[in-house]
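> What follows is each chain in one-letter form.
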Amino acid sequence: MLHFLYVIAIIAEAMSAAFSAGRRDMDYMGVVIIAWITALGGGTIRNLMLGHYPMTWVEHPLYLILTALAALITTFSSNRIYKFRKTSLILDAVGLVVFTILGCKLAIQLSMEPIIVIISGMVTGCAGGIMRDILCNDVPLIFQKEIYASVSLVTGGIYVMALYFFGSEFHFDTLLAFVVGLSLRLLAVHYDWSLPKFTFRDDDK
Amino acid sequence: MLHFLYVIAIIAEAMSAAFSAGRRDMDYMGVVIIAWITALGGGTIRNLMLGHYPMTWVEHPLYLILTALAALITTFSSNRIYKFRKTSLILDAVGLVVFTILGCKLAIQLSMEPIIVIISGMVTGCAGGIMRDILCNDVPLIFQKEIYASVSLVTGGIYVMALYFFGSEFHFDTLLAFVVGLSLRLLAVHYDWSLPKFTFRDDDK
Amino acid sequence: MLHFLYVIAIIAEAMSAAFSAGRRDMDYMGVVIIAWITALGGGTIRNLMLGHYPMTWVEHPLYLILTALAALITTFSSNRIYKFRKTSLILDAVGLVVFTILGCKLAIQLSMEPIIVIISGMVTGCAGGIMRDILCNDVPLIFQKEIYASVSLVTGGIYVMALYFFGSEFHFDTLLAFVVGLSLRLLAVHYDWSLPKFTFRDDDK
Chain A
10 MLHFLYVIAI
20 IAEAMSAAFS
30 AGRRDMDYMG
40 VVIIAWITAL
50 GGGTIRNLML
60 GHYPMTWVEH
70 PLYLILTALA
80 ALITTFSSNR
90 IYKFRKTSLI
100 LDAVGLVVFT
110 ILGCKLAIQL
120 SMEPIIVIIS
130 GMVTGCAGGI
140 MRDILCNDVP
150 LIFQKEIYAS
160 VSLVTGGIYV
170 MALYFFGSEF
180 HFDTLLAFVV
190 GLSLRLLAVH
200 YDWSLPKFTF
210 RDDDK
Chain B
10 MLHFLYVIAI
20 IAEAMSAAFS
30 AGRRDMDYMG
40 VVIIAWITAL
50 GGGTIRNLML
60 GHYPMTWVEH
70 PLYLILTALA
80 ALITTFSSNR
90 IYKFRKTSLI
100 LDAVGLVVFT
110 ILGCKLAIQL
120 SMEPIIVIIS
130 GMVTGCAGGI
140 MRDILCNDVP
150 LIFQKEIYAS
160 VSLVTGGIYV
170 MALYFFGSEF
180 HFDTLLAFVV
190 GLSLRLLAVH
200 YDWSLPKFTF
210 RDDDK
Chain C
10 MLHFLYVIAI
20 IAEAMSAAFS
30 AGRRDMDYMG
40 VVIIAWITAL
50 GGGTIRNLML
60 GHYPMTWVEH
70 PLYLILTALA
80 ALITTFSSNR
90 IYKFRKTSLI
100 LDAVGLVVFT
110 ILGCKLAIQL
120 SMEPIIVIIS
130 GMVTGCAGGI
140 MRDILCNDVP
150 LIFQKEIYAS
160 VSLVTGGIYV
170 MALYFFGSEF
180 HFDTLLAFVV
190 GLSLRLLAVH
200 YDWSLPKFTF
210 RDDDK
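Residue numbers (my numbering), protein chains in the order written: chain A, 10 to 214; chain B, 10 to 214; chain C, 10 to 214.
Chain A with its partners taken away, still in its complex shape (with noise of 0.2 Å):
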């Protein structure tokens, strides 16, 4: 079930990189690499930073033809694509959750600190985005608008303490985390929720 989720994910996060890469005026190729590197990317970093290998999609190239199929997709009928954004948001969603709590699993499985635990979701989740607003020239929208890494921190936050507390039975942990994840990005998106900001200018500039 995480993993149909999975892949339904990957293939939400080509689209919406897709998109950035067209606001980019990005050829063809441009714009697989950036579905690749948004899809793909944010368990890639995480499995260098545990030292994991092989990566998924080496060991899943099937990956790397699913998303750049929808890449392609998306730049051919962007405009009927574009009709469904509000579809997307939610697949986008999804897809913080989902791939938080494969990256909380994946340190779980080598017995990590639950702090580590917690990081490797967020990296998981929120790394691919970074890296796409750093290959299209941005500040990386995570750092600024909407609480989206704090979704990320929170999801994996209710997953550790639902597994130390309640155990792995019934998936009651991933669930829970699913949940209150989900719900908590959605209503973010939705009342436009933001975490304080810090503006600093210096004095003397």
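Just so you know, the hints here were simulated from the structure itself, not pulled from any lab data.
Honestly, I wouldn't trust all of these hints.
No copy is singled out in the list; a pair is fine if it fits within one copy or between any two copies.
What the hints assert, rightly or not - No farther apart than 16 Å at their CA atoms in a straight line, the calculated lysine to aspartate or glutamate pairs in the EDC-like style are these:
no., residue 1, residue 2
1, Lys92, Asp211
2, Lys206, Asp34
3, Lys95, Asp211
4, Lys114, Glu178
5, Lys95, Asp201
6, Lys95, Glu122
7, Lys206, Glu68
8, Lys114, Asp211
Based on these hints, arrange chains B and C on the given structure of chain A.
Relative to the frame of chain A, chains B and C by itself:
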């Protein structure tokens, strides 16, 4: 032979990187670091993706010295060297194709699947240039202009197919990929070929 | 002793990173992430290059908490802390030199060649700041201003030579590299030293 071309290629990449750094008014240390990242970064990222250690430049520190010297010499006699920029375009094309083929060969040694072999070639050929553009605060050129990553894709594809159909006897696979890839790149530069672009603007912005 | 200075240094780096994040109006989560990447990123990149696991912060998650707290405290009392920016320049210089020496020591443990030992020091000392600048969408400062990477190069060079000529008795190698590196950096800041720049403009643009 390929090894000799590799050394020529990293030197050419280091020199072109020095010009990029000069366009951003970097100091000599910055020029050298950009040259290292451009010339040796692609192979480094590829090794990270595949979990292959040690890095080429850790095994052969001489490459660090060669590329640093190439970058500094470019800095000191930039006007004289700039006259040879047509030559440097050819060397850059040789570099792209040689890096790609070496990336493919490594992935084959590691028994990767064909699509990963091609990706390994693309990462080796393109990631250095992408990092150079990020560090110079540009949207990476290869996502927007010319068929650069695409040449790498085609070169890798031909290499994999030639190896599959004809085997590696007489290095026919390498030669075919080299000749076709290089011709494609030089034609693309000469005739200013480019892939179609995906341009997207939000309706409601 | 070096370990104590390391902890001081990551805290100082996290605080200076928080100011950078504040100049880009990041939210609290963004501030913390930038602080982590700046303070712990250099060692992480070095470990990736050398294939050395686990990462420092995976082994000592406490560092994640310390740097997050340092960044948040900076955020909440930025004006008070900003008054101590001269102190923070000194701590930043200590950080650069300590990171560099620790990077050299790790590479020596792994039996790397002298030039790789020096590079390992430079990566440890500088990569965090480079990533901070990329994430804040700037051309990395250290490529353009002040002798920062150069101090790291000199510190590493002195360390390697002192170790070679005098051995590590009484930690003379470490002390000499620390004193010379720190003095050089502080003098460079005080007298506004900088390396010559390479400025290049295309004739035909």
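> Does each hint fit the structure? Answer for all of them.
Here is how each hint holds up against the structure:
1. Lys92 with Asp211: between (43 Å within a copy, 11 Å between copies)
2. Lys206 with Asp34: Classified as between; 6 Å across copies, 31 Å inside a copy.
3. Lys95 with Asp211: between (40 Å within a copy, 14 Å between copies)
4. Lys114 with Glu178: Within one copy only: 14 Å inside, 46 Å across.
5. Lys95 with Asp201: within (14 Å within a copy, 39 Å between copies)
6. Lys95 with Glu122: neither (37 Å within a copy, 37 Å between copies)
7. Lys206 with Glu68: Answer is neither: 40 Å inside a copy and 31 Å across each miss the 16 Å cutoff.
8. Lys114 with Asp211: Result: close neither inside a copy nor across copies, 43 Å intra and 37 Å inter.
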